[in-house]
Amino acid sequence: MRSVKIPVAAAAVAALVLAGCGTTSDKTSGASPGASKSCKGADGKYTIGMSQANVAEPYRQRMDDDIKTAAKDVPQFDVKFADAAQDNAKQVADVENYITQQIDLLIISPNEAKPLTAVVKKAYDKGIPVIVLDRKVEGDAYTGFIGGDNVQIGREAGKYIAEKLLPSGGNVVELKGLAGATPQAERHEGFVEGIKGNPKVKVIAGASGDWLREKGQAQMDALLKANPKIDVVFSHNDPMAEGAYLAAKAVGREKEMKFTGIDALPIPSGGIKAVEQGRLAATFTYPTNGKEAIAAAKKILVDCGTIEKTQTLPTQTIDASNAAKVYAEENPNG
Amino acid sequence: MTDVQDKAVAATPVGQSSAGVAATLFRFQSVFGLIAVFIAAIIFSPRKNGDILFISADNLANVVRAVSEIGIIAVGMTFVILIGGIDLSVGAVLGLAAVGSAVLMVENDWGFLPSVVLVLLIGLVFGALQGIATAMIGIQSFIVTLAGLQIARGLARIWSGGQGVAIAYGDGPNEAPTSFALLGERTFGGLVPIPVLIFAVVAIAAVVFLRISAFSRHLYAVGGNEKAARLSGVPVVRVKIAVFAICGLLASLAGIVHAVQLNQGSPNDGIGYELDAIAAVVIGGTSLAGGRGSVAGTVAGALLLGVLNNILALNNIDSNIQLLIKGLVIVAAAALQRLRPTS
Numbered sequence: 001m002r003s004v005k006i007p008v009a010a011a012a013v014a015a016l017v018l019a020g021c022g023t024t025s026d027k028t029s030g031a032s033p034g035a036s037k038s039c040k041g042a043d044g045k046y047t048i049g050m051s052q053a054n055v056a057e058p059y060r061q062r063m064d065d066d067i068k069t070a071a072k073d074v075p076q077f078d079v080k081f082a083d084a085a086q087d088n089a090k091q092v093a094d095v096e097n098y099i100t101q102q103i104d105l106l107i108i109s110p111n112e113a114k115p116l117t118a119v120v121k122k123a124y125d126k127g128i129p130v131i132v133l134d135r136k137v138e139g140d141a142y143t144g145f146i147g148g149d150n151v152q153i154g155r156e157a158g159k160y161i162a163e164k165l166l167p168s169g170g171n172v173v174e175l176k177g178l179a180g181a182t183p184q185a186e187r188h189e190g191f192v193e194g195i196k197g198n199p200k201v202k203v204i205a206g207a208s209g210d211w212l213r214e215k216g217q218a219q220m221d222a223l224l225k226a227n228p229k230i231d232v233v234f235s236h237n238d239p240m241a242e243g244a245y246l247a248a249k250a251v252g253r254e255k256e257m258k259f260t261g262i263d264a265l266p267i268p269s270g271g272i273k274a275v276e277q278g279r280l281a282a283t284f285t286y287p288t289n290g291k292e293a294i295a296a297a298k299k300i301l302v303d304c305g306t307i308e309k310t311q312t313l314p315t316q317t318i319d320a321s322n323a324a325k326v327y328a329e330e331n332p333n334g
Numbered sequence: 001m002t003d004v005q006d007k008a009v010a011a012t013p014v015g016q017s018s019a020g021v022a023a024t025l026f027r028f029q030s031v032f033g034l035i036a037v038f039i040a041a042i043i044f045s046p047r048k049n050g051d052i053l054f055i056s057a058d059n060l061a062n063v064v065r066a067v068s069e070i071g072i073i074a075v076g077m078t079f080v081i082l083i084g085g086i087d088l089s090v091g092a093v094l095g096l097a098a099v100g101s102a103v104l105m106v107e108n109d110w111g112f113l114p115s116v117v118l119v120l121l122i123g124l125v126f127g128a129l130q131g132i133a134t135a136m137i138g139i140q141s142f143i144v145t146l147a148g149l150q151i152a153r154g155l156a157r158i159w160s161g162g163q164g165v166a167i168a169y170g171d172g173p174n175e176a177p178t179s180f181a182l183l184g185e186r187t188f189g190g191l192v193p194i195p196v197l198i199f200a201v202v203a204i205a206a207v208v209f210l211r212i213s214a215f216s217r218h219l220y221a222v223g224g225n226e227k228a229a230r231l232s233g234v235p236v237v238r239v240k241i242a243v244f245a246i247c248g249l250l251a252s253l254a255g256i257v258h259a260v261q262l263n264q265g266s267p268n269d270g271i272g273y274e275l276d277a278i279a280a281v282v283i284g285g286t287s288l289a290g291g292r293g294s295v296a297g298t299v300a301g302a303l304l305l306g307v308l309n310n311i312l313a314l315n316n317i318d319s320n321i322q323l324l325i326k327g328l329v330i331v332a333a334a335a336l337q338r339l340r341p342t343s
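Here the protein sequences come in this chain order: A and B.
In case it helps, our numbering puts the first sequence at residues 1 to 334.
In case it helps, our numbering puts the second sequence at residues 1 to 343.
One chain only, chain B, in its complex shape:
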């Protein structure tokens, strides 16, 4: 019990005072990584008429906007990985949610709120069912969510008739309510896109939630040592179901954001997004073995990937080399994890 709690506390931001300087450095590796990549991006940024293109307001807005979907998914993924699981279905759930929003609003003429609520519910239930399959039947989450990926993709294709559903806005039939379009708009001086605000709210809510709730301790306990957690009275099954439900809900939210940004819900949306989300979590310093990591790290990890993508693209680095560089960054982040001292 004490062992589990120590581990849990050390991993939460609250337990920081007991950690050494080295441990702190490792804990915030993704933040330092982000700062380093950001500085490098400024240095290597192309310039035009004396302006550093990378730090132009428009470009930075583009970077965070491009990151927001993966970021939202990655927050949910952090929870799942913290309990030692994995969720491979998030990209497909994003596709299902994007299709769902488009079909409900455009083809079924549903209002904004009922559509969004139903789509979020679908994600929540889908995630919860995956949680039940892992926690109660005892199938590994890798397998459950691999199946979930196929099922969600299949459902998305059936629901959309195999084709992208275009979203037009207006009050007429076969048009989505204009209130939905607002989700993709820009705000705050026309600069910060709403998807970025949604990502920020999700991330802050997750950080606060992990700090104040008892659920947080359960989460780290299950990830640290499931057997010990069970013996010490942690409701392991309930925690697992809740975690997968949250992950499904957030993937679904990302799908809604995706649909509004692209004016379309396509059943093939989000292919490979699960891998980007996992990469963000790993770069963020969360251990794939579970029990250690933080949402803040994941947010920094997602932003790091976004800045990296942006600066490589701004310099027109060949797309094959881009893949190579991103792969090396992920390996480097994982390698740093191995060096990290255990508290």
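Here chain A stands alone, though its shape is the one from the complex:
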């Protein structure tokens, strides 16, 4: 349904937006025990196990889909998928099953860091290269980590609101993700930094919508009653931003304010379409890294190379000026 997105175009736009904040890397993992052992080169056949924290979130379903799509272009790869359904214990069992199956490489997006650390190390110590996506594990017993930078994304959103949406100041309400979740804290931290440049921007209220559309809507109902003047709603993800929009629309106030989200999934129910259709003023991409994970796997298994220990992918601002174009690029086959 969708092939690889155009990296050049994406990189160009990202470079414009980020002005120099691109891919960063720490040290390379030359000593990875898995890399040398598993590589049989281009003639080999490789089974890759992908352990996903849950597929209930559209973002994670898209991550699986991106991996599936990218793997189609590598004939040597056969990718298996497991869904841990948000249960750490199930994800541990999923990885153990992959070890039993003697997979050639493990891709994992952990539900939580601490409970998955031991089993990831177990796989790594058995010589299976491990690529960790989006959420980290503790220690350094993995081959490479690929993820977005939530602080950076929050900062971009804050700057956009302070400079583009409210240059002469205004009232902002913040709809936060699940309390206690790392991305929630990091997006908030970045956002606060991002709006600092414009002291006339005031955050007048905040509420937690737990990442959920319906919760975002309910919280916004209350925020609307309590605050007669709201200029911008900054939401930690697109579904909550959509919920907030619905709440404002229900009381006829949606035109008074602008809504921004985060994630920008290139799917019909995602943030890019919401921007295109005018409900959201902007959203900021949080890359799924699926394509990058397969590229890294190819480097390790087929090219017998090494990968960067940490690969941080840049965010991209999506607003009315580029939404349709980016959506088309991400879904070249419609």
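Don't read these hints as lab results, they were simulated from the structure.
Quick reminder that beta carbons are idealized off the backbone N, C-alpha and C, glycines included.
Here are the simulated SDA-like cross-link-like pairs (lysine to any residue), alpha carbons at most 25 Å apart as the crow flies: (1) A:68 with B:318; (2) B:48 with A:75; (3) A:215 with B:271; (4) A:122 with B:184; (5) A:122 with B:319; (6) A:40 with B:316; (7) A:114 with B:166; (8) A:122 with B:53; (9) A:80 with B:55; (10) A:40 with B:47; (11) A:136 with B:162; (12) A:122 with B:194; (13) A:80 with B:61; (14) A:126 with B:56; (15) A:114 with B:110; (16) A:121 with B:191; (17) A:126 with B:60; (18) A:273 with A:254; (19) A:126 with A:295; (20) A:196 with A:167; (21) A:80 with B:46; (22) A:273 with A:163; (23) A:126 with A:102; (24) A:126 with B:194; (25) A:114 with B:162; (26) A:80 with B:50; (27) A:121 with B:316; (28) A:215 with B:151; (29) A:80 with A:101; (30) A:40 with B:48; (31) B:48 with A:81; (32) A:68 with B:322; (33) A:114 with B:184.
Stretch by stretch, here's where chain A covers chain B in the computed footprint (C-beta under 8 Å, at least three residues): (34) 157-169; (35) 250-262; (36) 304-313.
Just a few of them, taken from the derived set where beta-carbon distance is under 7 Å, the chain A residues facing chain B: (37) 88; (38) 97; (39) 112.
Once you have looked at the hints, place chain B on chain A.
Structure of chain B alone, referenced to chain A:
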């Protein structure tokens, strides 16, 4: 009285001699089911270099280790279902116990024994209170434990500050004693995990307890016909409170095992575990109407689910199809119950 006792005796393993071949088959449906699923797992197991991956020692150890938490809970659940009740709070109590172990040992620097004892006590008291609410106030156990689920989850979130509490081991401050880590280790040639041993001890203790104690007869009597049991002098209220207390205690024990296996106590642990435990009990042949069933059946039921989970995962069956297959197995087990001849 005689009616109740007949029913009770027929349901206990002691009364087996009077049962017909068909009844025996039905009584041990979960054991036969387990054997069938096990054989199927061997047949459908992926192979690598001639080895059948399913029956590799490592994999079988993984299967029983993954089953042990649900198994421990399911033993307690069997008691509750035998008296015609249900306990929906066990998953949340597991979360509360996991959080409790982590907070006490890591943040409050408590020792291994006092922490474990207090956490077990919390589960016991929590269960007993639910028992009191059903037995003395007369609220249905479904409602009481539904409320209990919310309360335990709320307590777990408050106690942990809404976040998972990571467990590091050592002698320093903010470290759990290394003796706690031993609970998750492997033993017997490095193969059998301690959680499996705990599950085995719990299951054997429950089976023995049901065979030798008078409490067992009371249990089946209350489940078979509560009114008749009361009239014949069975201390119904006490039995009910004890049963819910045992169930809470075992859920709490499972929570301790959970925390040590994941090196973390998270307030969101154990969501949906009550349903897996109920499934194990139902597959084990225990009637949801109460009065009929056995712990041995539940153990076989839990293992059956574990083997099924494992073989579906080893074959990389799509997770949505896995749900479907497990659902069908539960329906099939319940359907077999309907066919079972009444003694």
